[in-house]
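Construct all of the structure, not just a fragment, from the sequences and the given hints.
Here are the chains, one letter per residue:
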Amino acid sequence: MSEPGAVGPGPAAIQVSRIMRPDDANVAGNVHGGTILKMIEEAGAIISTRHCNSQAGEPCVAALARVERTDFLSPVCIGEVANVSAEITYTSRHSVEVQVNVMSENILTGAKKVTNKATLWYVPLSLKNVNKVLEVPPIQYVRKEQEEEGRKRYEEQKLDRLETKQRNGDVIFPVINPDRQTKEPQTVGYSQSSLIHLVGPSDCTLLGFVHGGVTMKLMDEVAGIVAARHCKTNIVTASVDAINFHEKIQKGSVITISGRMTFTSNKSMEIEVFVDAEPFVDESRGRYRAVSAFFTFVSLSREGKALPVPQLLTETEEEKRRFEEGKGRYLQTKAKRQVQLQQAAQQ
Amino acid sequence: MSEPGAVGPGPAAIQVSRIMRPDDANVAGNVHGGTILKMIEEAGAIISTRHCNSQAGEPCVAALARVERTDFLSPVCIGEVANVSAEITYTSRHSVEVQVNVMSENILTGAKKVTNKATLWYVPLSLKNVNKVLEVPPIQYVRKEQEEEGRKRYEEQKLDRLETKQRNGDVIFPVINPDRQTKEPQTVGYSQSSLIHLVGPSDCTLLGFVHGGVTMKLMDEVAGIVAARHCKTNIVTASVDAINFHEKIQKGSVITISGRMTFTSNKSMEIEVFVDAEPFVDESRGRYRAVSAFFTFVSLSREGKALPVPQLLTETEEEKRRFEEGKGRYLQTKAKRQVQLQQAAQQ
Amino acid sequence: MSEPGAVGPGPAAIQVSRIMRPDDANVAGNVHGGTILKMIEEAGAIISTRHCNSQAGEPCVAALARVERTDFLSPVCIGEVANVSAEITYTSRHSVEVQVNVMSENILTGAKKVTNKATLWYVPLSLKNVNKVLEVPPIQYVRKEQEEEGRKRYEEQKLDRLETKQRNGDVIFPVINPDRQTKEPQTVGYSQSSLIHLVGPSDCTLLGFVHGGVTMKLMDEVAGIVAARHCKTNIVTASVDAINFHEKIQKGSVITISGRMTFTSNKSMEIEVFVDAEPFVDESRGRYRAVSAFFTFVSLSREGKALPVPQLLTETEEEKRRFEEGKGRYLQTKAKRQVQLQQAAQQ
Chain A
1 MSEPGAVGPG PAAIQVSRIM RPDDANVAGN VHGGTILKMI EEAGAIISTR HCNSQAGEPC
61 VAALARVERT DFLSPVCIGE VANVSAEITY TSRHSVEVQV NVMSENILTG AKKVTNKATL
121 WYVPLSLKNV NKVLEVPPIQ YVRKEQEEEG RKRYEEQKLD RLETKQRNGD VIFPVINPDR
181 QTKEPQTVGY SQSSLIHLVG PSDCTLLGFV HGGVTMKLMD EVAGIVAARH CKTNIVTASV
241 DAINFHEKIQ KGSVITISGR MTFTSNKSME IEVFVDAEPF VDESRGRYRA VSAFFTFVSL
301 SREGKALPVP QLLTETEEEK RRFEEGKGRY LQTKAKRQVQ LQQAAQQ
Chain B
1 MSEPGAVGPG PAAIQVSRIM RPDDANVAGN VHGGTILKMI EEAGAIISTR HCNSQAGEPC
61 VAALARVERT DFLSPVCIGE VANVSAEITY TSRHSVEVQV NVMSENILTG AKKVTNKATL
121 WYVPLSLKNV NKVLEVPPIQ YVRKEQEEEG RKRYEEQKLD RLETKQRNGD VIFPVINPDR
181 QTKEPQTVGY SQSSLIHLVG PSDCTLLGFV HGGVTMKLMD EVAGIVAARH CKTNIVTASV
241 DAINFHEKIQ KGSVITISGR MTFTSNKSME IEVFVDAEPF VDESRGRYRA VSAFFTFVSL
301 SREGKALPVP QLLTETEEEK RRFEEGKGRY LQTKAKRQVQ LQQAAQQ
Chain C
1 MSEPGAVGPG PAAIQVSRIM RPDDANVAGN VHGGTILKMI EEAGAIISTR HCNSQAGEPC
61 VAALARVERT DFLSPVCIGE VANVSAEITY TSRHSVEVQV NVMSENILTG AKKVTNKATL
121 WYVPLSLKNV NKVLEVPPIQ YVRKEQEEEG RKRYEEQKLD RLETKQRNGD VIFPVINPDR
181 QTKEPQTVGY SQSSLIHLVG PSDCTLLGFV HGGVTMKLMD EVAGIVAARH CKTNIVTASV
241 DAINFHEKIQ KGSVITISGR MTFTSNKSME IEVFVDAEPF VDESRGRYRA VSAFFTFVSL
301 SREGKALPVP QLLTETEEEK RRFEEGKGRY LQTKAKRQVQ LQQAAQQ
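Protein sequences appear in the order of chains A, B and C. Numbering follows my numbering, with no gaps: position 184 of the first sequence is 184. Numbering follows my numbering, with no gaps: position 267 of the second sequence is 267. Numbering follows my numbering, with no gaps: position 221 of the third sequence is 221.
Because the hints were derived from the structure by calculation, they are not lab data. None of these values were measured; they are calculated from a predicted model. Be a bit skeptical, because a hint or two may be false.
Claimed, not checked - Below, computed lysine to any residue pairings styled on SDA-like, alpha-carbon distance capped at 25 angstroms: (1) C:LYS132 with B:ASN106; (2) C:LYS183 with A:THR109; (3) A:LYS128 with C:LYS132; (4) B:LYS248 with B:ALA111; (5) C:LYS128 with C:HIS246.
Unchecked claim - Derived list of chain A stretches under chain B, where covered just means 3 residues or more per stretch with a C-beta under 8 angstroms from a C-beta of chain B: (6) 222–236; (7) 245–259.
Think of the CB as a built atom: it goes at the ideal place given N, C-alpha and C, for glycine as much as any other residue.
In structure tokens, the structure reads:
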């Protein structure tokens with residue numbers, strides 16, 4: 001499973017495996033995408049924290065800065081083992097790129113499936129001073145091109161992070177708990193949902209901040225509730241757009257995770273998810289937007305085939321605008337995928 | 001620790017002990033009242049399910065119907081052991097009364113403190129048909145008076161359950177997520193809070209319904225957030241009023257737990273908590289009120305002394321009315337306690 | 001269930017009971033041996049810490065030093081109650097022997113079964129200086145022989161601990177993650193597996209070290225994965241060989257738990273498990289072997305009958321040697337059991 005590392009004598013790859021339990025899955029027995037995202041992030045946190053502490057110097061903890069867009073290629077079931085393997089593929093002066101592969105394994109039949117591939121970016125924060133970003137020891141590359149390709153990925157994600165930071169400032173509307181009985185089914189208001197969670201010690205790193213994986217798990221959970229309310233069937237995570245973690249969330253905060261549907265195609269739903277944090281006792285700052293992202297869900301039949309999805313009814317101008325934007329993202333992704341398929345066919 | 005049972009040849013008492021961990025406590029290291037309530041309820045569920053199945057007949061699961069008012073007499077800390085002992089003290093035709101004592105034990109110093117005493121009522125529901133209440137095998141009493149006293153307690157709680165059922169129907173206002181920055185501190189709106197939780201398999205009994213203890217733990221958690229937002233200090237649960245569980249909550253539901261402050265005395269805060277359930281995929285019914293209760297919290301100094309509490313600012317007529325009702329409950333409880341102290345002094 | 005204590009006025013026995021939940025069990029509904037081992041260890045930690053602090057002196061926490069071989073006599077199911085009772089049966093100058101009985105109880109039918117009996121050894125470590133072993137207050141024995149028998153057990157386990165300490169030094173080959181597709185089924189490499197876990201606050205005692213029970217639960221989990229990969233059926237823990245805890249594992253460490261099959265008989269599998277700790281932030285030391293043990297699993301049919309197990313294919317000289325050693329342990333255990341049966345028949 002651990003492909004011939006892009007990286008030569010650098011840090012060893014790491015593998016995390018876990019049997020999927022009932023609490024990891026929905027009522028139909030399909031493991032939540034969020035469970036997988038949480039495992040991916042834990043593997044990334046371990047390997048990058050280990051690497052950043054591999055040379056004498058100030059001890060540090062690697063904090064998740066960004067996850068690239070990732071697709072869930074096949075559903076995982078209770079009782080299967082999720083094998084998550086991570087390796088470091090690039091380091092800049094202050095950040096680490098980790099590539100993670102997830103394989104589900106039915107340990108009874110031996111059947112294995114690639115579940116997803118993800119790329120994460122971590123930043124080392126000093127254990128003594130959480131606001132101090134430390135330097136990352138460089139890794140060795142087998143081929144010169146690997147470093148150049150990595151630098152290109154680094155520059156691209158850096159640009160995108162700046163953009164979302166600005167965009168994040170734009171849009172903030174609280175998702176208020178709707179009285180669903182008076183709403184029309186299939187409207188945006190009908191399915192919009194929130195979760196509210198008090199951050200406990202087990203949610204946090206050694207620095208006392210929430211693990212990025214814990215946040216992503218809750219985001220996937222609320223997106224799943226929105227999707228299930230909309231189509232009333234068994235739904236699973238199909239993909240997650242790039243997520244940027246601009247703001248840390250401190251232990252003892254209350255976080256509100258809100259989701260609303262933005263777009264539906266024939267067989268998929270796009271849900272926008274916001275995470276707002278409120279550090280309620282230590283009031284040095286008020287409520288703030290910590291993360292936001294787009295999740296795509298599909299509805300599955302008992303045999304695992306994608307079902308048609310009821311079309312989203314947009315009512316306000318805002319909703320219509322967001323629907324069009326969602327359609328843009330949908331078509332862009334579709335186009336990219338076709339290019340990839342053609343390239344693969346030509347090889 | 002298991003005092004000489006009030007009950008003779010009846011079902012044996014049960015004891016549950018557990019070391020308190022960081023996840024069981026708040027940031028100051030005080031164990032949440034809700035952690036204790038959850039342990040109490042699990043002990044009660046075990047002993048009453050065991051008893052109700054002790055004679056040949058339809059198998060059943062005992063479901064929590066009511067918890068009597070309980071006081072938290074002293075705070076418990078991380079590393080201490082909570083010893084929970086339960087015994088059945090009365091049976092009616094369709095219900096079981098369980099009395100539970102909790103002692104915290106510092107296993108380093110050996111110091112033990114009574115944490116609280118609680119009385120719970122369970123009802124046996126058929127495993128085959130969850131809407132069918134079965135008959136409870138009678139227990140044997142050592143002294144005739146024990147049965148009469150039990151019957152008196154049974155009649156009293158029955159009356160009270162009917163009353164809250166009607167009251168519950170009255171008041172339903174959703175607690176909407178406030179923008180705290182624009183609110184005056186110490187108002188009702190400023191501290192009101194909600195948690196929203198998706199019910200998973202581990203929250204549920206064999207019948208697929210949420211354990212009463214899981215619900216109470218979440219209720220205590222939201223009440224604690226309200227109290228901490230109001231007074232910005234270390235707060236602990238002082239008491240919980242009687243809670244009636246009229247409505248079951250099914251696996252896969254989304255539950256919203258909302259709390260708002262109703263009353264403050266010099267050194268205590270009363271918080272009203274509502275639990276609303278929404279069975280979001282299986283939509284045979286809409287959102288409904290499952291439970292409600294009053295929690296009282298106090299603010300503690302580092303030395304464990306009760307601190308003064310900022311007075312609650314009431315703005316609307318509704319808030320003023322609820323404040324007066326809270327004051328009534330407060331004075332009534334205070335009067336009852338003085339009668340008990342006088343009776344104790346005369347003995 | 002609580003047998004008349006072997007010990008007279010000594011420390012009171014303790015009982016821990018818990019309803020088994022879906023997450024405690026595998027897909028077939030059988031509770032993991034690891035869940036039971038964790039409960040056993042928690043009961044032992046409570047009773048021995050309590051005892052070691054029962055006389056004025058330096059406060060201490062009892063740390064698990066060793067668990068004797070234990071057999072799982074009957075599987076436990078979701079919804080059943082696991083009743084764990086522990087009592088102290090011997091004290092040496094620096095250690096405490098705790099005997100623990102586990103009974104599963106079907107609270108619907110009332111059926112009770114002995115699940116297992118375990119013997120654990122704890123050592124009191126000073127709360128102020130974790131490297132200082134304190135003295136244990138002696139217990140009182142009802143009969144003189146009890147003390148002598150205890151001393152004999154103490155001497156035996158002491159010898160065995162020294163031996164494994166040396167053996168541990170010998171064999172360390174990391175279990176590398178295999179590419180199972182290229183491996184022959186039923187080989188050692190095909191089923192070998194690893195788990196990697198980041199140690200959080202709730203995994204640890206007051207001293208900031210991992211609870212022995214947490215480690216054993218993870219060991220059982222990886223052994224279960226190895227067993228399921230080998231025989232592709234429903235498997236359960238049958239027994240665990242004596243485990244010695246030579247090295248503490250600190251909060252914030254990353255632990256790798258690796259398992260490989262060493263031996264198969266007609267109806268059982270032996271799996272060797274290693275736990276390696278890496279205190280990756282606080283780098284005063286590198287990666288080290290913390291624990292190792294042998295687990296035996298059996299494969300169960302739907303009716304709970306032991307099924308035949310495919311024979312392990314050994315490829316290297318090392319694997320053949322380990323197979324022979326496993327066979328030795330298997331035959332020795334079998335012989336011991338027959339002696340016990342004969343003795344029981346003669347009484």
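Each hint tested on the structure:
1. C:LYS132 with B:ASN106: Roughly 21 angstroms separates the two Cα atoms, so the pair holds.
2. C:LYS183 with A:THR109: holds, 15 angstroms
3. A:LYS128 with C:LYS132: violated, 29 angstroms
4. B:LYS248 with B:ALA111: Violated, at roughly 39 angstroms.
5. C:LYS128 with C:HIS246: holds, 20 angstroms
6. 222–236: Since 4 is at least three, the answer is holds.
7. 245–259: Holds, because 4 residues of the region 245–259 of chain A bring their Cβ atoms closer than 8 angstroms to Cβ atoms of chain B.
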